[in-house]
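*Asks:* So the protein sequences, as listed, match chains S and Y. For the first sequence, my numbering assigns the number 1 to the initial residue and increments by one for each residue that follows. For the second sequence, my numbering assigns the number 1 to the initial residue and increments by one for each residue that follows.
Just so you know, these hints were derived from the structure itself, not from any lab. Nothing here was measured: the structure is a model prediction, and the numbers come from that model. It is possible that some hints are incorrect.
Simulated crosslink set (DMTMM-like; lysine to aspartate or glutamate; CA at most 20 Å straight-line) [to be verified]: (1) S:2 with S:59; (2) S:3 with S:89; (3) S:2 with S:32; (4) S:2 with S:163; (5) Y:64 with S:156; (6) Y:64 with S:32.
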Amino acid sequence: MKKPRLERADATSLRFTNLAPFFADSLLQIPDILALRDRPDIARRLFPAPSDDARINREWISLAEPELRRLFASAGEIMAGDLAGLELEARRSPAFRIVFPANHTNAWMSALNEARLILGEQYGVTEEDMTRPLRDLENPRELALARIWALGYLLELLVAGAEEPPPRASSGSD
Amino acid sequence: MKLEPGAQIRICGEQTAARPEAETDVSLDRPWNVLVYNDPINLMSYVTMVFQRVFGYPRPLAEKLMLEVHHRGRSLVWSGARERAELYVQQLQSYQLLARMERSES
Numbered sequence: 001m002k003k004p005r006l007e008r009a010d011a012t013s014l015r016f017t018n019l020a021p022f023f024a025d026s027l028l029q030i031p032d033i034l035a036l037r038d039r040p041d042i043a044r045r046l047f048p049a050p051s052d053d054a055r056i057n058r059e060w061i062s063l064a065e066p067e068l069r070r071l072f073a074s075a076g077e078i079m080a081g082d083l084a085g086l087e088l089e090a091r092r093s094p095a096f097r098i099v100f101p102a103n104h105t106n107a108w109m110s111a112l113n114e115a116r117l118i119l120g121e122q123y124g125v126t127e128e129d130m131t132r133p134l135r136d137l138e139n140p141r142e143l144a145l146a147r148i149w150a151l152g153y154l155l156e157l158l159v160a161g162a163e164e165p166p167p168r169a170s171s172g173s174d
Numbered sequence: 001m002k003l004e005p006g007a008q009i010r011i012c013g014e015q016t017a018a019r020p021e022a023e024t025d026v027s028l029d030r031p032w033n034v035l036v037y038n039d040p041i042n043l044m045s046y047v048t049m050v051f052q053r054v055f056g057y058p059r060p061l062a063e064k065l066m067l068e069v070h071h072r073g074r075s076l077v078w079s080g081a082r083e084r085a086e087l088y089v090q091q092l093q094s095y096q097l098l099a100r101m102e103r104s105e106s
């Protein structure tokens with residue numbers, strides 16, 4: 001099986017290709033994973049108190065935290081909308097692809113990362129878990145680790161893509 | 001430590017940012033440190049990118065700070081006025097990094 005790739009679909013769009021079914025399924029799970037955002041143990045990870053100063057923390061809860069919640073929710077909604085475009089690369093193909101607007105990249109990075117963090121918090125994932133081989137995927141915790149890995153692979157591609165300079169306007173000389 | 005207006009703030013031996021000129025002396029006493037803590041999930045490349053985006057750090061410094069987070073469990077990534085520290089913590093948290101601020105000891 002080929003590895004997933006991120007490429008430019010056209011001047012304004014990006015495309016993930018070579019998505020094995022597990023990658024595609026992990027993407028489709030993201031809206032449900034993000035719905036766990038408000039669970040108290042998970043909210044503590046996503047919206048940690050910024051200091052030991054009670055006054056700063058009070059201001060934070062009333063001003064900054066709602067803004068962060070809006071930001072995360074918006075990113076998740078943008079990505080969920082784009083997921084409607086997930087499709088098989090060709091009839092009988094084992095791989096999927098998805099095209100999304102390049103200006104949704106930050107939303108995708110946010111949603112992918114948040115989903116990974118939520119799964120990590122939900123299953124108490126440790127540093128050691130992240131470096132050992134996966135075991136039985138029938139086990140929900142191992143499945144979560146596999147999803148963290150798969151979504152991390154796609155996030156890594158987006159980060160690498162974000163570091164590339166934007167394509168030059170066609171000069172006719174290339 | 002009291003920083004003079006326009007003084008360069010140095011983190012990990014690297015010159016990083018000039019303190020804004022217009023702040024009052026009150027905010028100059030005991031600067032606030034912005035700290036980022038390690039977590040097992042965030043990718044190293046992602047953390048490096050965030051440091052570059054939020055602080056405008058060059059890649060070598062961003063990587064150095066990221067590795068400090070990874071190996072030592074936390075890194076002091078910026079120091080200065082409280083209002084700016086709050087802004088940076090919010091920006092870092094908007095990228096879902098574990099960021100906090102605390103008043104400098106000195």
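*Asks:* Indicate, hint by hint, whether the structure satisfies it.
*Replies:* Hints, one by one, checked against the model:
no.	hint	in the structure
1	S:2 with S:59	49 Å, violated
2	S:3 with S:89	14 Å, holds
3	S:2 with S:32	27 Å, violated
4	S:2 with S:163	23 Å, violated
5	Y:64 with S:156	19 Å, holds
6	Y:64 with S:32	36 Å, violated
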